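**Student:** Let the hints inform the model, and build the full structure from the sequences given.
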Amino acid sequence: MKEKDVTLEQFLEAKKAEDLLEGLGFESGLKLLEGLVTKVESGGLPLERSMQAYERGVLLTGHLRGLISGAEAKLKLLQQKAAAEK
Amino acid sequence: MLNTQSAEARIFSVSELAQVLNLALEAAVPSAAFKGEVSQVTRASSGHLYFTVKDERSQLACVMWSSLTKSLGFVPTQGMDVVCFGKPNLYGGNGKLQIVVSKMLPGGLGALQLKFQELKRKLQAEGLFAPERKRPLPFLPRALGVITSKSGAVIHDIMVRVRERMPSLQVYLVDVRVQGQGASEEIAAALDFLDQQKLVDVIIVGRGGGSLEDLWAFNEESVVRAIFRCSVPVISAVGHETDFSLSDYVADCRAPTPTAAAEMAVPRRDELISRISELERRLFDVERWMGPCSQAVDEQELRLQQQMKHLLQTMKLRIDVLERGLRAANPVVHLSSWKSRVDNLSARLDYAMGTRFKASIDRLTGATGRLHALNPGQVLERGYALVELDGGYLRDTSGVAIGTQVSVRLARGRFGARVLEIDP
Chain A
1 MKEKDVTLEQ
11 FLEAKKAEDL
21 LEGLGFESGL
31 KLLEGLVTKV
41 ESGGLPLERS
51 MQAYERGVLL
61 TGHLRGLISG
71 AEAKLKLLQQ
81 KAAAEK
Chain B
1 MLNTQSAEAR
11 IFSVSELAQV
21 LNLALEAAVP
31 SAAFKGEVSQ
41 VTRASSGHLY
51 FTVKDERSQL
61 ACVMWSSLTK
71 SLGFVPTQGM
81 DVVCFGKPNL
91 YGGNGKLQIV
101 VSKMLPGGLG
111 ALQLKFQELK
121 RKLQAEGLFA
131 PERKRPLPFL
141 PRALGVITSK
151 SGAVIHDIMV
161 RVRERMPSLQ
171 VYLVDVRVQG
181 QGASEEIAAA
191 LDFLDQQKLV
201 DVIIVGRGGG
211 SLEDLWAFNE
221 ESVVRAIFRC
231 SVPVISAVGH
241 ETDFSLSDYV
251 ADCRAPTPTA
261 AAEMAVPRRD
271 ELISRISELE
281 RRLFDVERWM
291 GPCSQAVDEQ
301 ELRLQQQMKH
311 LLQTMKLRID
321 VLERGLRAAN
331 PVVHLSSWKS
341 RVDNLSARLD
351 YAMGTRFKAS
361 IDRLTGATGR
371 LHALNPGQVL
381 ERGYALVELD
391 GGYLRDTSGV
401 AIGTQVSVRL
411 ARGRFGARVL
421 EIDP
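So the protein lines, in turn, are chains A and B.
Numbered according to this note's numbering, the first sequence terminates at residue 86, and the numbering increases by one at each position without gaps.
Numbered according to this note's numbering, the second sequence terminates at residue 424, and the numbering increases by one at each position without gaps.
Heads up, a few of these hints could be off.
As the list claims (entries may be wrong) - Here are the computed lysine to aspartate or glutamate pairs in the DMTMM-like style, where the Cα-Cα straight-line distance is at most 20 Å:
| no. | chain 1 | residue 1 | chain 2 | residue 2 |
| --- | --- | --- | --- | --- |
| 1 | A | K31 | B | E280 |
| 2 | B | K103 | B | D195 |
| 3 | B | K150 | B | D214 |
| 4 | A | K31 | B | E278 |
| 5 | A | K39 | B | D214 |
| 6 | A | K76 | B | D243 |
| 7 | A | K76 | B | E280 |
| 8 | A | K74 | B | D81 |
| 9 | B | K103 | B | D55 |
| 10 | B | K134 | B | D214 |
| 11 | A | K31 | A | E18 |
| 12 | A | K76 | B | D192 |
| 13 | B | K54 | B | D81 |
The set of hints was computed from the structure by calculation and includes no laboratory data.
The structure presented is a predicted model; accordingly, all values stated were derived computationally and were not measured.
**Tutor:** Next comes the structure, spelled out in structure tokens:
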């Protein structure tokens, strides 16, 4: 399962950021968030873009927290058909 | 290589010949593994170990240098079966052939150890153990695959760690035999199976501690190749810390214990949360990143104010100029000048009119005076009287007789009179 790669520009430009979040892995998302926060902090963005970036940053943190939330560690036993065939 | 021709071409010293023979030996047999029975073990004061290894028909003198004997792990004794690895050497000092042994193992395990070394060498040569091909472990796997016995300690230890670090992680277990006949086939098949299913981002394969025979499945070529071709990173956790299996060499990562394997595979949730929280904090620190923004706004505001001020001044100047111009064009101003013009004209007119009419007025005055003089009242004022009879005034004595009643009007008043005399 290759993680989807989204650049910061894509994430900020996209009309619907939620669509880009789907399938976005934790590490990619975290890198994206770090880039976003750094960019916002740099003060280089015009005000409207800063606000949009801020909102998207909040969206991203929600997504990341969701990826690691959940209480129970689920263990599933898989049946190996290949071995049976051998 | 030494051939008869070149050998005959020159005459060597003994040392030279010994050297040439040594080089030839090393080239022909760079190293070899052999087994046999130990006899005549001697340890010199230098620490070096001198011994003979023999079989039914032959024997070879061996030496193991002191530094290497330290890693032996056992004491070679007379009559013991051993497996040795070493390289041939012609010791010029005494002209004796000896094998310089680098590794020695007790013979019981010899066959397996041999196989191990052979296989290791073969697979390494193929590049299966190359560090470059090892894949990095995913930062946060979406699911973890474990290939081990479902009843062993491995899966239990792994689950403990997983629950502790990332409770939300999905773990898939493929139950396999981890030793004995058919185990290696099951393990290899399990790797292919998980790979095909594309369910997991990382795999831990392993078993608990045991002897070399117990662990042997993880040294089998089939398992090693299955790990190599797996498209997902594999962590090998076979046996104890000190056990090294071929699976360990080929895997992307080697874990000394199943617990360590879980720690490698799964990040700590609390660490990730704190990283997110830290980024959140920085993001929410709106004032801090808005600061430069709001400062920019302030600066803009200031600039704007100054521009406005400047603009206002400019406008004011223009207005003054316009006002002055306007005032100059003001009808009120004009009016007074008009007025004076009118006054002027009117005066001139008056004068003109006055002069013109004076003559007429003089004539009129003259005429009026004469008229006044003709006023009967005026005549009466001069003392004359009007005699009235029958509604008419008398001018002569006709119509009048002695005794006629007449009315006499004077300038002021009248009286009645009777005619006493007539003088026609």
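**Student:** Evaluate each hint against the coordinates.
**Tutor:** Hints versus structure:
{"no.": "1", "hint": "A:K31 to B:E280", "result": "13 Å, holds"}
{"no.": "2", "hint": "B:K103 to B:D195", "result": "38 Å, violated"}
{"no.": "3", "hint": "B:K150 to B:D214", "result": "17 Å, holds"}
{"no.": "4", "hint": "A:K31 to B:E278", "result": "13 Å, holds"}
{"no.": "5", "hint": "A:K39 to B:D214", "result": "56 Å, violated"}
{"no.": "6", "hint": "A:K76 to B:D243", "result": "29 Å, violated"}
{"no.": "7", "hint": "A:K76 to B:E280", "result": "34 Å, violated"}
{"no.": "8", "hint": "A:K74 to B:D81", "result": "51 Å, violated"}
{"no.": "9", "hint": "B:K103 to B:D55", "result": "19 Å, holds"}
{"no.": "10", "hint": "B:K134 to B:D214", "result": "27 Å, violated"}
{"no.": "11", "hint": "A:K31 to A:E18", "result": "17 Å, holds"}
{"no.": "12", "hint": "A:K76 to B:D192", "result": "18 Å, holds"}
{"no.": "13", "hint": "B:K54 to B:D81", "result": "10 Å, holds"}
Going through the hint list in order, the structure does not satisfy hints 2, 5, 6, 7, 8, 10.
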